[in-house]
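**Student:** Spelled out from the first residue to the last, the chains are:
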Amino acid sequence: MKGIFAVALGVLTAIGGFVDIGDLVTNSVVGSRFGMTLTWVVLVGVVGICLFAQMSGRVAAVSGRATFEIIRERLGARMALANLSASFLINLLTLTAEIGGIALALQLASSIEPVLWFPVAAIAVWIVIWRVKFSIMENVTGLLGLALVVFAVALFFLHPDWSALGSQVLLQPSPHTDETPATYWYYAIALFGAAMTPYEVFFFSSGAIEEKWKKKDLAQSRLNVLVGFPLGGLLSLAIAACATVVLLPKGIQVESLFETALPVAQALGKIGLIIVILGFVAATFGAALEVTLSSGYTLGQFFGWPWGKFRRPASASRFHAVMILSLVVALGILFTGVDPVQVTEFSVVFSAIALPLTYLPILIVANDPKYMGDEVNGRATNFFGLIYLGLILVASIAAIPLMIVTGAGA
Amino acid sequence: MTQKRHLPPAPAVAGRVLDAGLDLLDRQILDPDAVPVSTVDDLELTTPDDLEHLDPDSPPIIESLLTGPILLTRIFGGRLPDSRFIRIPWKVVADPGTVVRVGVAADSLDASWTERWMRDHVIARIPGGRHDPE
Amino acid sequence: MILSDLLGSPVVTAEGERLGVVVDARFALDGPPDGLLAAARLHGLVVSPHAHESFAGYERRDVDAPALIARFLRWRARGSVLVLWPDLASFSDDVIRLRPGATLYSPRFDSSES
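Residue numbers (this note's numbering), protein chains in the order written: chain A, 1 to 410; chain B, 1 to 134; chain C, 1 to 114.
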């Protein structure tokens, strides 16, 4: 049993990156419009996040410093402040979406209006952050979030045309699609950005410190990365594949979690629906926890406050105050009636700024013997790290123009 | 005008050498129990008596680490009045490494004022605030 | 006086030639004890003709990786020099003037230090 829980941090981090509310819907949208032709982006994203999460986990274990602390030390206060502002806004918008997502998932289960679930969801998230130990939190949400594996199961029960799926993976578009190249690339960047969202590394490296990983735990850190993120990628692809098989041929538009869940209901009936709803609730709840804690971590680490769930709240007061405030603001935004999933569209804009400002300092510090001793990066890691830094820069420059040109993928 | 000139190495110094921007600024300050105090946002140096004719024998020395609102003036410009400085005296600094360690408890320093305020007036008032998570 | 007063200030030689701006201040802990450590006296200023701020100090340290980044940042910080305190004449109107015959040193750390 210990074996599964040893990778809980990696799994929970991956949930926030690959199957949070934004991704649940986007993966389904992508499958219903592009088939499997964007699979390569998910694979590129998985490799990228594995590379950098592994670096930041290693830096945290060896030097005891979490990623955002390092960002300020190596980039200087000005750039770190720019990153902080962008990251904080991303976190806030994403948190709003996740709380909304929890409510939408609960609506699927109960037919009660989401608006009534918003405060319940926000308070539940707060209670877990306030009182529940980090390890219990990650074990429970990680494990329950794996219920989303039901999408992979459903895929088999749908008896898809495997060779058609396979040819789409190799970039042969399905006969049912007629999207413009600009929209294709917009979604490519959106998927890449989602796979490598900065709050994943902030959460993973801070989580490494919460778990008190030291140099001797480097193997465990590596295992978390190599199990968690590929698993997240696989879940993403399974959701897209189900949409490809069920929604694409009929031209069904994905507008909510309902359409996302449709293939599973079709393949596995009521049981499948129950499991998938459980998965939705667990994944959005886990993502909400990850994003809320990220807000606390980034602000606390920038300003040098005591932070961490390993401290009692009274010993990390500003850290907890910031998180409470974030939840309150997120709730406020939700009560204005805005569509929570649409809200995440705009966080793509801020991601464009936050991505390069997050990954460059990680690469620099992972090479600095003053922090890493003799655990500095090898040549292969640096080689791929620089390539990915280039990809990240391209994505961050192209994101906003593509968003404008395609009307955010309409 | 840039010429490639061969620069002689600086004379050796009998003690530790620190570059303020590289080694001190923006570093985390920890107390002896590894409790974070704040970040180093600026440094307060002794002011030379005569700025027009600097005395080669009395270089400025670091009086204190500064933190708090001075970060904003450092980034955006402007000048914070001396009375508003939040100081951590150089006397309490024990080790300026990748993390700056001070020799006194965080709670005893001015710099932890906002943390203590938030604790006493907000967080400790919420049920469970003083308990370890379970 | 605070550190930010120095950082970013232009540095001019006695002959009026502009050397660059102050990107960092070097301190030496070789004085009498001041609390738990020795007093930190201002040893010199690192002046760069190009970079407005030094970025991660690649030009002064021996860290060479990642190679592309190290090379780029070293190139950006090319031409930086260290001027020692005794060679500073005045600091007024936000400009630092050097004494005549001031020596310009390499800002690289000796690998035996720190």
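Watch out, some of these pointers could steer you wrong.
[Stated by the list, open to error] Straight-line distance between alpha carbons at most 25 Å, and here's what the computed DMTMM-like set of lysine to aspartate or glutamate pairs gives: (1) A:Lys212 / B:Asp57; (2) A:Lys212 / B:Asp107; (3) A:Lys133 / B:Asp57; (4) A:Lys214 / B:Asp33; (5) B:Lys91 / B:Asp132; (6) A:Lys214 / B:Glu52; (7) A:Lys212 / A:Asp368.
Hints are computed from structural coordinates only; laboratory data are not their basis.
Given the structure is predicted, the values throughout are model-derived calculations rather than measurements.
**Student:** Would you mind marking each hint as holding or not holding in the structure?
**Tutor:** Results of checking the hints against the structure:
1. A:Lys212 / B:Asp57: violated (48 Å)
2. A:Lys212 / B:Asp107: holds (24 Å)
3. A:Lys133 / B:Asp57: violated (57 Å)
4. A:Lys214 / B:Asp33: holds (18 Å)
5. B:Lys91 / B:Asp132: violated (34 Å)
6. A:Lys214 / B:Glu52: Roughly 53 Å between the alpha carbons, so the hint for Lys214 (chain A) and Glu52 (chain B) is violated.
7. A:Lys212 / A:Asp368: Distance ~21 Å between Lys212 (chain A) and Asp368 (chain A) Cα, so the pair holds.
Violated hints, listed in ascending order, are 1, 3, 5 and 6; each of the other numbered hints is respected by the structure.
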